[in-house]
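S.K.: Starting from the given sequences, assemble the full structure and let the hints guide the process.
Just so you know, the protein sequences line up as chains G and D, in that order.
With the working numbering, you'll find the first sequence wraps up at 318, consecutive numbering, no jumps.
With the working numbering, you'll find the second sequence wraps up at 321, consecutive numbering, no jumps.
To be clear, the hints were calculated from the coordinates, so they are not data collected in a lab.
Where is the CB? At the ideal position from N, CA and C, for every residue including glycine.
Check before you lean on any hint, since a few could be wrong.
Said to hold, decoys possible - Some, not all, of what chain D presents toward chain G, calculated at C-beta under 10 Å: (1) Q4; (2) R23; (3) L25; (4) L56; (5) Y165; (6) S211; (7) Q254; (8) L259; (9) S316.
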Amino acid sequence: MNWITNYVRPRINSIFSRREVPENLWHKCDECGTMLFHRELSDNQNVCTNCDHHMHITPRDRFTALFDGGVFNEVAVPEPIADPLKFKDQKKYPDRMKAAQKKTDEKEAMLVAAGEIGRTPIVAAAQDFSFMGGSMGMYVGNAIIAAAEEAVKLGRPLVLFSAAGGARMQEGILSLMQMPRTTVAVQMLKEAGLPYIVVLTHPTTGGVTASYAMLGDVHISEPNALICFAGPRVIEQTIREKLPEGFQRAEYLLDHGMLDRVISRTEMRDELIKIIRMMMQLPPQIVGDLPAPEEGEEAANAPVDAAASEEAAQ
Amino acid sequence: MTQYLEFEKPLAEIEGKAEELRALARANEEMDVADEAAALDAKAEQLLKDLYSDLTPWRKCQVARHPERPHCRDYIDALFTEYTPLAGDRNFADDLAVMGGLARFNDQPVMVIGHEKGSDTKSRIAHNFGMARPEGYRKAVRLMEMAGRFGLPVVTIVDTTGAYPGKGAEERGQSEAIARSTEMSLKIGVPVISVIIGEGGSGGAVAFASANRVAMLEHAVYSVISPEGCASILWKDAEKMREAAEALRLTAQNLQELAVIDRIIPEPMGGAHRDAKTTMASVGVAIQEMLDELKDKDGADLIKDRRQKFLDIGSKGLAA
Ligand SMILES: [Zn+2]
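M.R.: Structure, rendered in structure tokens:
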């Protein structure tokens with residue numbers, strides 16, 4: 005690693021990896037109705053510049069905004085058996101999968117990556133709500149296990165961005181088994197003494213909330229995210245009464261002691277860097293323009309392990 | 002008198018007729034109905050065999066939910082001695098949907114924990130129909146942690162439609178409570194054994210079934226979602242529960258093929274409720290066998306094996 009590859013090359017990368025111009029240049033905010041120019045919206049990580057409404061963001065776009073210079077290395081996820089139950093409802097499960105893959109241009113509902121944020125090496129995993137509602141099946145379970153194993157191997161914290169309607173029904177009991185499987189993954193991190201930070205995004209519900217999303221050392225949520233075990237509709241049907249305003253939203257959970265922080269997406273990166281650097285006993289992040297490192301300084305600020313920097317420069 | 006399930010109606014007719022005949026005979030000593038009644042009995046027995054030899058998944062759900070099926074309390078009474086309930090989560094309340102405490106199983110001290118649905122209107126309400134609130138899971142966490150420290154095997158009896166979907170339950174962290182219960186099950190260095198005796202309903206069941214050994218009664222079901230729930234989401238029609246039950250592969254037989262459960266405990270002909278005593282005795286034998294399988298392992302091995310077992314789940318799909 006040297007100063008040039010770490011700081012200059014990623015920036016060049018990010019310029020060239022800009023996404024193609026979408027067909028729709030304007031996007032209407034579902035909350036306030038403001039028409040937002042696509043570039044303005046994506047520069048603000050899909051947060052409405054008018055009302056602060058947090059729209060969905062793909063794991064890839066999130067990681068591009070999160071990691072230094074938009075550079076990250078994908079961590080390979082072991083492929084599970086396809087359609088283990090031969091599940092068929094009105095559509096066949098493999099057909100639903102193909103449609104989701106085509107829609108998202110992703111293989112599955114979770115992306116795992118290693119990289120640096122504010123020169124702090126981390127492993128991150130993000131769930132993709134646009135891929136079959138982010139649902140937790142074998143692949144998502146494998147992804148979380150792979151993320152935990154990578155974090156343990158590299159001695160890094162794991163930051164997990166959750167977003168899911170719950171377990172993937174098309175994988176039946178095997179989706180339910182991801183609750184204990186991902187819990188084992190969290191235990192690997194805890195036993196290795198590594199921070200596990202969960203960022204709960206809209207929506208995080210069902211078996212996802214009742215396993216890895218509620219076992220973090222620190223729980224942060226994006227504003228107004230729906231976070232629950234049973235959804236509001238199911239509860240209203242059960243108790244036959246109207247639920248209070250803001251019920252099961254991030255701020256409500258904060259009031260009820262289930263979250264540590266509610267933080268806007270645009271401030272999340274700095275928040276994570278700050279928290280992780282304290283938990284990892286690292287000096288505070290250097291803010292602003294970095295001076296060219298003097299002899300020896302590089303080593304002091306270098307990530308815990310060499311593998312991290314090599315990856316960041318790749 | 003037996004409560005008949007919908008698909009058992011033809012059986013109810015035959016058994017009803019036999020009963021009527023015998024009642025007539027009791028009232029009129031000169032009547033000899035023995036042959037006729039015996040013929041009806043034989044017919045009923047054959048029909049029962051026919052019905053139960055190949056229960057569809059949806060019928061199994063109905064059997065698993067049968068109100069007269071033995072429940073957690075019955076198993077504790079029948080199989081354990083010196084049961085000493087331990088109450089409360091030390092935080093908010095005691096949740097009666099979850100029973101738990103110290104007990105002896107064939108003289109061996111253990112911690113027994115299970116969902117209790119209740120057996121009549123009053124007790125069903127008291128036990129919230131076996132749907133636990135966070136306090137129930139937190140009580141279980143407390144008892145499991147204690148069992149781990151004192152070297153007591155944990156035996157869980159799983160029988161729940163699911164965790165309770167209520168306002169207070171959500172406010173007090175239903176998700177977190179379930180997650181912590183699963184976590185504790187996977188963390189303690191003592192044998193953890195689960196028996197799914199009726200319904201293994203989603204996360205509310207997993208919280209107690211992340212065990213070294215998981216057994217299921219022959220007609221019990223274990224699923225990520227109820228067939229009705231699945232049907233209303235995927236078919237947009239709750240009446241498609243038969244199709245959903247089929248698709249979800251929630252029977253003990255399918256789950257054993259998927260290596261999600263370790264053994265199936267046979268039920269008497271016609272289901273556990275037709276002969277609770279025999280059913281419970283079989284469960285007792287299975288629990289002892291599972292404890293014996295684990296008795297030479299130390300705490301670290303028990304934890305390691307349990308975790309590996311779950312990590313390995315999914316490497317086996319169903320045959321086409
Ligand atoms: Zn807006």
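S.K.: Go through the hint on Y165 of chain D and say holds or violated, using the shortest Cβ distance to chain G against 10 Å.
M.R.: Since the shortest Cβ distance to chain G is 8 Å, the answer is holds.
S.K.: For the restraint on L56 of chain D, tell me whether the closest CB of chain G is nearer than 10 Å.
M.R.: violated (18 Å)
S.K.: Report holds or violated for the interface hint on S316 of chain D, using the least CB-CB distance to chain G and a cut-off of 10 Å.
M.R.: Hint on S316 of chain D: holds, closest Cβ of chain G at ~7 Å, below 10 Å.
S.K.: With chain G as the partner, please determine if R23 of chain D meets the hint condition of a C-beta pair closer than 10 Å.
M.R.: violated (45 Å)
S.K.: Would you settle whether the hint for Q254 of chain D is holds or violated, based on the nearest Cβ-Cβ distance to chain G being less than 10 Å?
M.R.: violated (12 Å)
S.K.: Should the hint that S211 of chain D touches chain G count as held when the rule is a Cβ pair under 10 Å?
M.R.: holds (4 Å)
S.K.: For the hint on L259 of chain D, just tell me whether its beta-carbon gets within less than 10 Å of chain G.
M.R.: holds (7 Å)
S.K.: Please check whether L25 of chain D passes as an interface residue: C-beta within 10 Å of a C-beta belonging to chain G.
M.R.: With a closest approach of 48 Å, the L25 of chain D hint is violated.
S.K.: Min Cβ distance, Q4 of chain D to chain G: is it shorter than 10 Å?
M.R.: Interface hint status for Q4 of chain D: violated (25 Å vs cutoff 10 Å).
Figure legend: structure checked against the earlier numbered hints; hints not met, in rising order: 1, 2, 3, 4 and 7.
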